[in-house]
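In the order they appear, the protein sequences are chains Y and Z. Just so you know, our numbering puts 114 at position 73 of the first sequence, and the rest follows in order with no gaps. Just so you know, our numbering puts 146 at position 139 of the second sequence, and the rest follows in order with no gaps.
Read the hints as simulated data drawn from the structure, not as lab findings. Here a beta-carbon is modelled for each residue, glycine too, at the ideal position from N, C-alpha and C. Mixed in with the good hints there might be a few duds.
[Unchecked claim] With a straight-line cut-off of 30 Å between C-alpha atoms, the simulated BS3-like cross-links for lysine-lysine are:
#1 Y:155 <-> Z:30
#2 Y:134 <-> Z:89
#3 Y:134 <-> Z:240
[As the list claims (entries may be wrong)] Non-contacting residues of chain Z with respect to chain Y, defined by C-beta distances greater than 12 Å in every case (computed):
#4 25
#5 40
#6 41
#7 84
#8 114
#9 118
#10 148
#11 172
#12 204
#13 228
#14 237
#15 243
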Amino acid sequence: MEFRLQLFSILVGVVLLGIIFQLMRKNRLLEQYSLLWIASAVILIVMAVWQDVWVKISSMIGILYPPSTLFLVAIICGMVIALHFSVVISGLKRQNNKLAQEMGLLRGEMESLKREKGIEQESAE
Amino acid sequence: MGRGMSDILAIIPAFNEEGAVGKVVEEIRRLRPAVDVVVIDDGSTDETADVARKAGARVISLPFNLGIGGAVQTGFKYATEKGYDVAVQVDGDGQHRPDQIPILLDALRQEGIDVVIGSRFLSSGGYTTSLVRRIGVHVFVLVNSILLKRRITDNTSGFRAYNRKAIEFLAEHYPYDYPEPESVIILGRNGFRLAEVPVLMREREHGRSSISAFWSMYYMIKVLLAIFMTLFKKYR
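Construct all of the structure, not just a fragment, from the sequences and the given hints.
See the structure below:
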């Protein structure tokens with residue numbers, strides 16, 4: 042494989058790792074959500090360094106142009122991460138729903154308690 | 008929130024229905040025997056909550072719009088908390104006629120019935136609908152006939168009555184969006200006994216249906232997928 046592609050892949054992987062590290066350091070990315078990203082970056086670097094291994098893998102699964110294996114793996118990593126996010130979002134939506142319902146019920150309860158106790162309702166106006 | 012006098016609760020989901028919800032609440036409050044009314048204000052930006060409160064309903068205001076499923080489920084949670092024996096679900100847009108509620112309640116009193124669905128199609132009420140919708144209606148009848156081995160004619164009707172057992176179950180398991188056809192399957196497959204009775208409905212008085220022509224396809228596909236998935240889910 043072309044040396045320039047190898048160098049470029051390693052560079053991309055290292056920069057990605059650096060960005061992930063910075064985000065985690067500043068608490069903008071939780072560790073549990075960074076794992077897949079770190080794995081992706083490491084896979085990219087490993088593939089670029091040990092190129093003879095994945096050239097062999099390419100011919101094994103019938104890919105004639107070895108560099109496209111690199112793209113394939115990158116696309117699969119991206120898809121796995123996107124799917125993971127869909128799962129996370131579904132969980133958040135469920136929690137969000139529950140929170141909104143609980144909040145509505147509690148607010149109703151509070152307003153009627155206030156009314157029962159004859160406390161003047163504080164209005165925002 | 009203190010409870011009212013009745014063992015029956017009317018759950019009214021309402022999203023920006025200031026023009027219709029007041030009349031619905033008033034008509035329900037004129038029913039005998041008395042029915043308590045809770046309006047779930049689903050993040051309305053108009054005066055829905057105030058109108059409903061002035062008409063004499065208890066109002067639960069959600070902080071933002073959850074959609075019909077989340078709103079109705081809030082009603083089931085409220086009914087569970089307050090210990091109501093029976094819940095009647097009535098749309099806030101005025102298409103469900105409060106004078107038909109006793110028909111649902113009578114059917115629910117029959118031995119062994121957990122849920123009663125008010126159907127437009129069992130009666131000759133002259134309900135007009137578009138071609139796309141009619142096709143959709145038939146698809147749901149077909150799917151539910153296969154999966155439940157019985158015929159429910161009006162799967163999209165949200166005009167329903169539930170007993171305590173069903174209320175508690177749905178407080179946990181009511182679907183999020185487009186919940187009506189899916190909940191029929193969930194209930195049927197979890198051992199709840201359904202009955203369907205003919206009711207009269209009005210044409211919508213205010214606003215348009217939440218489902219326009221374009222979204223009908225999305226609606227169908229989403230609901231059918233959800234129904235398909237209910238076959239593989241566990242409800243505990």
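We went through each hint and held it up to the structure:
1. Between residue 155 (chain Y) and residue 30 (chain Z), the direct Cα distance comes to roughly 27 Å. Compliance with the 30 Å bound is thereby established for this hinted pair.
2. Annotation: proposed proximity of residue 134 (chain Y) to residue 89 (chain Z) holds, straight-line Cα distance about 26 Å (limit 30 Å).
3. The straight-line distance between the Cα atoms of residue 134 (chain Y) and residue 240 (chain Z) is roughly 19 Å, inside the 30 Å bound, and the hint therefore holds.
4. Separation of residue 25 (chain Z) from chain Y is adequate, the least Cβ-Cβ distance of about 18 Å exceeding the 12 Å criterion.
5. Separation of residue 40 (chain Z) from chain Y is adequate, the least Cβ-Cβ distance of about 23 Å exceeding the 12 Å criterion.
6. Against chain Y, the non-interface label of residue 41 (chain Z) holds: every CB pair exceeds 12 Å, the least being about 18 Å.
7. With 12 Å as the threshold on Cβ separation, the claim that residue 84 (chain Z) sits away from chain Y is violated: the shortest Cβ distance comes to roughly 6 Å.
8. Even its closest Cβ contact with chain Y, about 29 Å, leaves residue 114 (chain Z) beyond 12 Å, as expected for a residue assigned away from the interface.
9. For residue 118 (chain Z), the condition that its CB be more than 12 Å from all CB atoms of chain Y holds, with the nearest at approximately 33 Å.
10. At roughly 30 Å, the least C-beta separation between residue 148 (chain Z) and chain Y is larger than 12 Å, which holds for a residue marked as non-interface.
11. Listed as outside the interface, residue 172 (chain Z) is consistent with that label: its C-beta sits roughly 21 Å from the nearest C-beta of chain Y, beyond the 12 Å cut-off.
12. Distance check for residue 204 (chain Z) against chain Y: the nearest CB is about 30 Å away, which clears 12 Å, and the non-interface claim stands.
13. Against chain Y, the non-interface label of residue 228 (chain Z) holds: every CB pair exceeds 12 Å, the least being about 17 Å.
14. The non-interface label for residue 237 (chain Z) is consistent with chain Y: the shortest C-beta to C-beta separation is roughly 16 Å, beyond 12 Å.
15. Listed as a non-interface residue, residue 243 (chain Z) keeps its Cβ farther than 12 Å from every Cβ of chain Y; the least gap is roughly 16 Å.
Consistency note: the structure conflicts with earlier hint 7 alone.
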